[in-house]
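Student: Got chain G; can you put chain B on it based on the hints?
Quick mapping for you: the protein sequence lines, in order, are chains G and B. Under our numbering, think of the first position of the first sequence as 78, with each following residue one higher. Under our numbering, think of the first position of the second sequence as 78, with each following residue one higher.
Hints were generated in silico from the structure; no laboratory data involved. It cannot be assumed that every hint is accurate.
[To be verified] Cut-off 20 Å, straight-line C-alpha distance, at most; resulting in silico cross-link-like pairs (PhoX-like, lysine-lysine):
(1) G:K316 / B:K187
(2) B:K170 / G:K233
(3) B:K233 / G:K170
(4) B:K316 / G:K187
Number of protein chains: 2
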Amino acid sequence: MENIITSKENPVIRLYQKLSSSKKERFQYGLFVLEGLRIVKDAVSENAEITHLLITEQAYRKFRTDFFQADLRNTKIIVISNELGNRISSTDKTQGIFAICSVPAEKGIKFRENGRYLVLHGLQDPGNAGMIIRTADALGIDGIIMSGSCELYSPKVVRATMGSVFRMNIVIENDIDSVFKILESNNVMTSAAVIDADAENIMKCEFSGSQAVFIGNEGNGLPHDVSARCSRRVTIPMKGSINSLNAAMAAGILMWEMGRDNGR
Amino acid sequence: MENIITSKENPVIRLYQKLSSSKKERFQYGLFVLEGLRIVKDAVSENAEITHLLITEQAYRKFRTDFFQADLRNTKIIVISNELGNRISSTDKTQGIFAICSVPAEKGIKFRENGRYLVLHGLQDPGNAGMIIRTADALGIDGIIMSGSCELYSPKVVRATMGSVFRMNIVIENDIDSVFKILESNNVMTSAAVIDADAENIMKCEFSGSQAVFIGNEGNGLPHDVSARCSRRVTIPMKGSINSLNAAMAAGILMWEMGRDNGR
Chain G
78 MENIITSKEN PVIRLYQKLS SSKKERFQYG LFVLEGLRIV KDAVSENAEI
128 THLLITEQAY RKFRTDFFQA DLRNTKIIVI SNELGNRISS TDKTQGIFAI
178 CSVPAEKGIK FRENGRYLVL HGLQDPGNAG MIIRTADALG IDGIIMSGSC
228 ELYSPKVVRA TMGSVFRMNI VIENDIDSVF KILESNNVMT SAAVIDADAE
278 NIMKCEFSGS QAVFIGNEGN GLPHDVSARC SRRVTIPMKG SINSLNAAMA
328 AGILMWEMGR DNGR
Chain B
78 MENIITSKEN PVIRLYQKLS SSKKERFQYG LFVLEGLRIV KDAVSENAEI
128 THLLITEQAY RKFRTDFFQA DLRNTKIIVI SNELGNRISS TDKTQGIFAI
178 CSVPAEKGIK FRENGRYLVL HGLQDPGNAG MIIRTADALG IDGIIMSGSC
228 ELYSPKVVRA TMGSVFRMNI VIENDIDSVF KILESNNVMT SAAVIDADAE
278 NIMKCEFSGS QAVFIGNEGN GLPHDVSARC SRRVTIPMKG SINSLNAAMA
328 AGILMWEMGR DNGR
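Pulled out of the complex, with its shape left as it was, chain G reads as follows:
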């Protein structure tokens, strides 16, 4: 085993902690962090640029065979004490595997006939954003535009995507005019997801051709000027006394329904 890092003043440990806690530092360095065996392996298999792999002594013994086939030529592998692992972990029971990763260049979205897209506008909860990205990956959505939403590479979003952050085509475009321009120039029909019995029931409206659904903020939904610019307003019919689904769940049902008319 290599030298074991035990000092919390070690520069890589300090970098990891800065990146873990600060959006500003992530932005300045163009780096973000990963924790856990599954997501680190996902990053490796999706050819993410991992600059550092930090692994506790215990995890090294347990998991090193998991990385025998991995191409880690450009990755610095650092063994750290179990104590340091507990210190930098953001979970109660850490697996002891951490990575620092370069924010990937945006792959962009390839627009195509019968494409299925999602626009997240003002979505703030990292758990929701992560779950939506994971679901989009599972349901074969072609691309996601994030506009005025939470930070894609925050540890909470990355964790909740369960690795889909590396697989999905995601574009950040905070200027809503540009979002509409991109969609219009690619002949994508736009639907604003709203909670309003007067909007079109998603069971009755057709999702043919290229389609994008806009999902708004958890508490306030889409701003009026955004929903008004969409081709139509759509809604998930609800029963009972509750007046709203969780935003991620609503997005999931909308993605499912969009895919229905698409030969899934």
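Tutor: Leaving out everything else, chain B in the frame of chain G:
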């Protein structure tokens, strides 16, 4: 304003903390806790039996008008210091409203023609359980049977239901034989949700008559002997390289699809 409780040794404060942290104590006392304005108001409007309402000085000034119309004759209202509010809160930024509530008697499930039911078998994550209950309420599911799953009245589950825990018909039945007996004697068709391309695609199978879908554990799915006892095995078709949806999202899509054949 009434006398303000400032001591952490106050018996009601100590009771709240015990109930908040211990499943055993919740079971022994038959009580559970709520935190936050919305869920406490939901409990009031659903006629839950609130034994104690704890409210910080600050919250008292801000929210007392919210309870002017509430029937709180059987509720002891206790004003506590803001410091105590922060102490007993399980959130970073508390609203300062807490309640102790009796575990309600099970309302039972009324089985009916074309009913829609869910069985949660071995589901362990409180956030998932809460989100499923919330979604079931929104989508008009007629009843949920929880079998070998996480505790319904844990603070995390209750919070994630956003008040739906008071509205949904939920039965706890840990004996899986009894679960099947209940469903069979009410002519409910049973579908096991599995991840298996050989199972029936939920877009192609019909959900007519009375229907129950079984959702399994997050990591392991349904045990083989349970899925084998169901009338059929159903699956959500997936694209892409991810091999599973989050359990709550899968349950949401299944509930949505069950409702489709039911004139929503």
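Student: Give a verdict on every hint.
Tutor: These are the hints, each one checked on the structure:
1. A distance of roughly 17 Å separates the Cα atoms of K316 (chain G) and K187 (chain B); the hinted pair therefore holds under the 20 Å criterion.
2. The suggested pairing of K170 (chain B) with K233 (chain G) holds, with an alpha-carbon distance near 19 Å, which does not exceed 20 Å.
3. For the hint pairing K233 (chain B) with K170 (chain G), the CA-to-CA distance comes to about 19 Å; that is within 20 Å, so the pair holds.
4. Restraint check: the Cα-Cα separation between K316 (chain B) and K187 (chain G) comes to about 17 Å, which is no more than 20 Å; the hinted pair holds.
Violation of the numbered hints given earlier is absent; every hint is satisfied by the structure.
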